[in-house]
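If you want the building blocks of each chain, they are given just below.
Protein chains: 2
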Amino acid sequence: MDAPLIDNEIIENIDISDDVRAAFDAADGDRLDTLLDSVTISEALREVLTFSHTERDALIALLSPEMASQLIDEAPLELAGELIEGQETARAVEIFDELDSDVQADVLAELDQEDADAILAGLDPEDAAGVRRLAEYDAGTAGGLMLADAFQFRPNQTVGAVLRSLASDDEDLERYHGQHPYIVDELGHPVGVVSLRGLLTAKRSAKLEDIMVTPLTVDAQASLDTLQDLFNDYDFLGFPVVDEAKALVGVISRTAVDAAILARAEGDNLRLQGIVGDELRTMPLAIRSRRRLAWLSANIVLNIIAASVISAYEETLAAVIAIAVFLPMVSDMSGCSGNQAVGVTMRELSLGLVRPKDAMRVWMKEVSVGVINGIVLGILIGLVCWAWKGNPYLGLVIGLALALNTLIAVSIGGVVPLLLKRVGQDPAVASGPLLTTITDMAGFFLVLSLASLMMPLLLQ
Amino acid sequence: MDAPLIDNEIIENIDISDDVRAAFDAADGDRLDTLLDSVTISEALREVLTFSHTERDALIALLSPEMASQLIDEAPLELAGELIEGQETARAVEIFDELDSDVQADVLAELDQEDADAILAGLDPEDAAGVRRLAEYDAGTAGGLMLADAFQFRPNQTVGAVLRSLASDDEDLERYHGQHPYIVDELGHPVGVVSLRGLLTAKRSAKLEDIMVTPLTVDAQASLDTLQDLFNDYDFLGFPVVDEAKALVGVISRTAVDAAILARAEGDNLRLQGIVGDELRTMPLAIRSRRRLAWLSANIVLNIIAASVISAYEETLAAVIAIAVFLPMVSDMSGCSGNQAVGVTMRELSLGLVRPKDAMRVWMKEVSVGVINGIVLGILIGLVCWAWKGNPYLGLVIGLALALNTLIAVSIGGVVPLLLKRVGQDPAVASGPLLTTITDMAGFFLVLSLASLMMPLLLQ
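Chains as they are written, first to last, in our numbering: chain A, 1 to 460; chain B, 1 to 460.
Next up, chain A with everything else stripped away, as it sits in the complex:
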């Protein structure tokens, strides 16, 4: 047997686009399966996404349910929902059946109620009940992220019984789900867990109650932050999840938590750039356009507020028109300084290094950077302005305004995400617009009021 070697170059260089198109035109499902299987699943998904919406649905209908489910598992949730909705119900159920229960619940949440009900009706009643149970929990909790099935035994069963069940069961212990044999009492409470090492080294006739240890359990309502701390603190691959009655309802895996944390970081990233509601370009134009406009139109209002400061000083501007050249520069530069502070705070928040109550400490740290960077940038832009427009006092006005506004911007940028978090708002959505509006207003005000004060000197 050859040892297959995973090699970046080899995988990347295969271009299956033309073959996929030909197989699709020939409606050859087996060939499509083979082709998509020959590349990584993420490459396979990209191939499928190059087709139009209608073609895409037809292509997925041609695939084996296994391949279709792999693509849906790989797709971001909002896309996974679309792909399922593009299939006929019976087919959707077939594909659905191949997914893990936690993915099923997540995808179901993306569907219309009607479609969701139709699919649930098609599933095995026990599986459907499991998915319904998962769907009751919020997405960012242990309940929403867990697998609904756990590997359960009773205290008086033997090691041999577990081994026999392992040998016959589909459930593969070494897969990444963090499954361990859990021992539950008559009420379904997890009272023990057996380590793999325990299973490997104990006699086959040993009773589980004699080799089990008490498991740590996680409440189904536990937040993603709690789960992150938990997996940080313990090296385990999974924990049993219990409901309010402390009964075992599922297993939360390290992999599911890691994936949720990554998705959160990427969502934050998107929201910092001004998009609420995880856009993908495969979504319908109307949705993409509307989601972006929602944020932009709020921003228009904030911009008008900032612009009204300029409007109040039109006389000053008319007297020294060169100021208009530097107004956007001062507001843009301060906005950048403020965004840097937002970025550091968002990172420290996500790394768990700061909490809302640390606002004062963060502010002091930003003030020191703000003073230094304000002075440096102020001198730089002041000199540029003097050299360009030939008036040292104009340089003084612009440089001083930028220096002061840099200090304001980093203070706001560093602290605002913490304050938003404290009042329960999403710092990634609101920090940017708040910061920009305040620094714009402050920047315009500083430049124009300083210019008014120094008007006689500016007109020399």
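Derived from the structure by calculation, the hints contain no laboratory data. Heads up, some of the hints might be wrong.
SDA-like, lysine to any residue: derived pairs with alpha carbons at most 20 Å apart [stated by the list, open to error]:
#1 A:Lys421 - B:Arg46
#2 B:Lys389 - B:Leu457
#3 A:Lys203 - A:Phe153
#4 B:Lys203 - A:Leu196
Add chain B to chain A, keeping to what the hints say.
Only chain B this time, still in chain A's reference frame:
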């Protein structure tokens, strides 16, 4: 035995700050250990970070090497390096010894050459060799992310031998390192892997060569993207890593890859906000200030280029001073639209849904959004402008400029990250400044040149 329940509220509500301070003042290392152990490791790290630099180093010197190493493991790398450098060499070696080999190599890379050599000299020669080997690989490759030790057997050993070694070994199979018993030939080439299920269900006298399967191996040079695809495609917890001679050099775990991907997403996030080089507020002021200034001063140059467009039209501005009120608004709004497009492209890049060669497809998608949003925003701001300044033609100029500039901004924002990636630049660093400069210039130009064209109407 009570089953300990992980409960968010209980953990959060413990405030150990005063007790930690008291124990530190009393130089009571045992008490500090107990206190820090009573909260999550991330909370423990936050506590330590509330101390000044000098106090922090003294505090860590009081802790047990185990607790100190947990804190260092939890800290972001740049901070971990600082913490190690704050300890005396003998102590640093003790703490270092408790870390996993992949973390050792990462932290070592953060240290001065001198400090790194001193620590390596203090380690067990075999461990030091392992770390040196890891340090040879780039951070974002399988070699840089792997654990240097693998669980190795020979083909003619028995299942019983593996089980005995498991029972005596510290190495815990169920921990998250993705360790499996690998079978290597006389040249160190991995020729087999034994599944846990295989171990559990085979006779103890069975030879490993009879139950082993051929392992998938990963090249030590494999990139993070390749590893991401690999763990996406296979459910395994780990893969054996081989060098150029195809000899086994370590094991790459799913957990290490997930952590690296998360760190990359958070780094992207920071760079999009204008910070290059992963700042933390615990870093020295000079470094923080310098890193931010590096990016800002490049930005000043770009801003001057954009401002020169305004400067070229000072006469137009002087004639209709109200235009100055709307200039920053047009550039800011287009900048926001462009950033939304950057955000979506960055997300699709990190999800693996687009590649640089998809630039044309992405552009077409952005054009449709740009046309719709440009028209909507142009009409909105045009009406505002007309109502505010009482001149419909001024509204027309501003609205038309914003509509056109929105289209330009989303086109650039959507495509520029892909083009930067194609030419080997980091899209997270350069997309924002490039976008802002071009949209500012285009926005100023559109407003002012349209105004010049329509000057007679504007002066009515």
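Verification of the hints:
Distance hint between lysine 421 of chain A and arginine 46 of chain B is fulfilled; the C-alpha atoms sit about 17 Å from each other, no more than 20 Å. Using a Cα cut-off of 20 Å, the hinted pair lysine 389 of chain B and leucine 457 of chain B holds, with the two alpha carbons roughly 14 Å apart. Proximity of lysine 203 of chain A to phenylalanine 153 of chain A is assessed by CA-CA distance (about 17 Å); at most 20 Å being required, the pair is judged to hold. Between the alpha carbons of lysine 203 of chain B and leucine 196 of chain A the distance comes to roughly 17 Å, so the proposed pair stays at or under 20 Å and holds.
Checked against the numbered hints given earlier, this structure breaks none of them.
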